[in-house]
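Given chain E, put chain W in place with the hints provided.
Protein chains: 2
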Amino acid sequence: MGSKSSELHPHLHETQIEGSQIYKGKLLDVRRDRVRLPDGQEGTREYIVHQGAVVVIPITDAGKLMLVRQFRYPLGEVFVEFPAGKIDPGEDILTTGQREFLEETGHVANEWRYLGVMHPCVGYSNERIEIFLARDIEHKSEQQLDHGEFVDVLEMELDEAIAAVRAGEITDSKTITGLMWAEKVLRSDW
Amino acid sequence: MGSKSSELHPHLHETQIEGSQIYKGKLLDVRRDRVRLPDGQEGTREYIVHQGAVVVIPITDAGKLMLVRQFRYPLGEVFVEFPAGKIDPGEDILTTGQREFLEETGHVANEWRYLGVMHPCVGYSNERIEIFLARDIEHKSEQQLDHGEFVDVLEMELDEAIAAVRAGEITDSKTITGLMWAEKVLRSDW
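One line per chain: the protein sequences are E and W, in this order. Numbered as in the working numbering, the first sequence ends at 216 without a single skipped number. Numbered as in the working numbering, the second sequence ends at 216 without a single skipped number.
Incorrect hints may appear among the rest.
To be verified - Among the chain W residues that face chain E by a calculated CB cut under 7 angstroms, a handful are:
| hint | residue |
| --- | --- |
| 1 | H35 |
| 2 | P146 |
| 3 | G194 |
| 4 | L212 |
| 5 | W216 |
Unchecked claim - If you want the footprint, here are the derived chain E segments under chain W, 3+ residues with CB under 8 angstroms:
| hint | region |
| --- | --- |
| 6 | 101-114 |
| 7 | 120-130 |
| 8 | 143-151 |
| 9 | 157-171 |
| 10 | 205-212 |
Read the hints as simulated data drawn from the structure, not as lab findings. Just so you know, even glycine gets a beta-carbon here, dropped at the ideal spot from N, CA and C.
So here's chain E without its partners, still in its complex pose (with noise of 0.2 angstroms):
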């Protein structure tokens, strides 16, 4: 994790001076900080503070991926992505997985495999999204989803999602990053 230690690079480290909570919603947590920054000066910095979340790439006996489709409202479309949901405090982030796989596709795996994490938003949030692999699905029952939420459960091929990549057609930045650990694991060895 060379790189991603600031100890390394101390030219660029920016220090708190004070914080500050400018908004508490149900969802979102917003803060805004005075900052040192690596020249001396002042600065300001305003950021969003997420609990972190967990996305699952779901791979079918038949060799298939399981994805959602969903409405996202701020964009006022829907997309295709990759089961995901937020981590409820003091969950432990496999418990996260297997138990948003379940609530919005209705199936179980038997097989998981931790991949990594990735940071969708580094600008203005600390929302990283840890990543796992299911394999060995089952269906187990219907849909639990919470109040306002509407999912569709799909299946593509690893090529046809990929193509839809291309295409336009699938632009969510953690279903691009799962696809990318999915074709690695799934055609080498990562």
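Quick look at chain W alone, frame taken from chain E:
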């Protein structure tokens, strides 16, 4: 763009009842809307309104990728990313890409190719990031950084950058998305 059209999936669609601006800072514009959910009930959606951004995948004559190293305050870590920046009001996206590439790296490119768009954070931001490939690169000047911007420039082989994704050293979503595009463009017919 079939899967993006909400008209195809009316059972997922949400519509605004009322919108309000919660906070308008230097960077963040935070909204909270009352919405009509697909089942007729009411819900709340909180999100960031963003002007959009451009990410540049610069490929040198030697076939290397140019990237930048930057401290990201929300996460308190240094990230390796493709050069990127926000679209100024009224600015066309190619101009944004050329401007940000020059500001962050001191380089210009004579060949620009538009690849597509990605959405970093569909759950709570309307940000879109437009993706350009830049080739035939020349050194032009010093970096022209904004106040509060501190950026190192580096070069990596494509294989090295992809290995860094696997190793968890590159985790930024626009950069991983750019690497997927770069790999396809450089190795196949995308």
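Quick rundown of the hints versus the structure:
Below 7 angstroms, beta-carbon pairs count as interface contacts, and W/H35 has one with chain E at about 5 angstroms; its hint therefore holds. Given the 7 angstroms rule on beta carbons, the hint for W/P146 holds: about 5 angstroms separates it from the nearest Cβ of chain E. The restraint placing W/G194 at the interface with chain E holds, with a minimum CB-CB distance near 5 angstroms, inside the 7 angstroms limit. With 7 angstroms as the threshold, the beta carbon of W/L212 stays out of range of chain E, its nearest partner Cβ sitting at about 14 angstroms, so the hint is violated.
Hint on W/W216 holds. Least Cβ distance to chain E is approximately 6 angstroms, under the 7 angstroms limit. For a cut-off of 8 angstroms, the count of residues in the region 101-114 of chain E with a CB near a CB of chain W stands at 7, and the three-residue condition holds. As drawn, the region 120-130 of chain E meets chain W at 0 residues by the rule of a beta-carbon pair under 8 angstroms; below three, the given contact is violated. Check result for the region 143-151 of chain E against chain W: holds, 9 residues qualifying (beta carbon to beta carbon below 8 angstroms, three or more required).
Counting residues of the region 157-171 of chain E whose beta-carbon sits less than 8 angstroms from any beta-carbon of chain W gives 0, not enough to reach three: the coverage restraint is violated. Counting residues of the region 205-212 of chain E whose CB lies closer than 8 angstroms to any CB of chain W gives 3, which reaches the minimum of 3, so the coverage claim holds.
Of the numbered hints listed earlier, those contradicted by the structure are 4, 7, 9.
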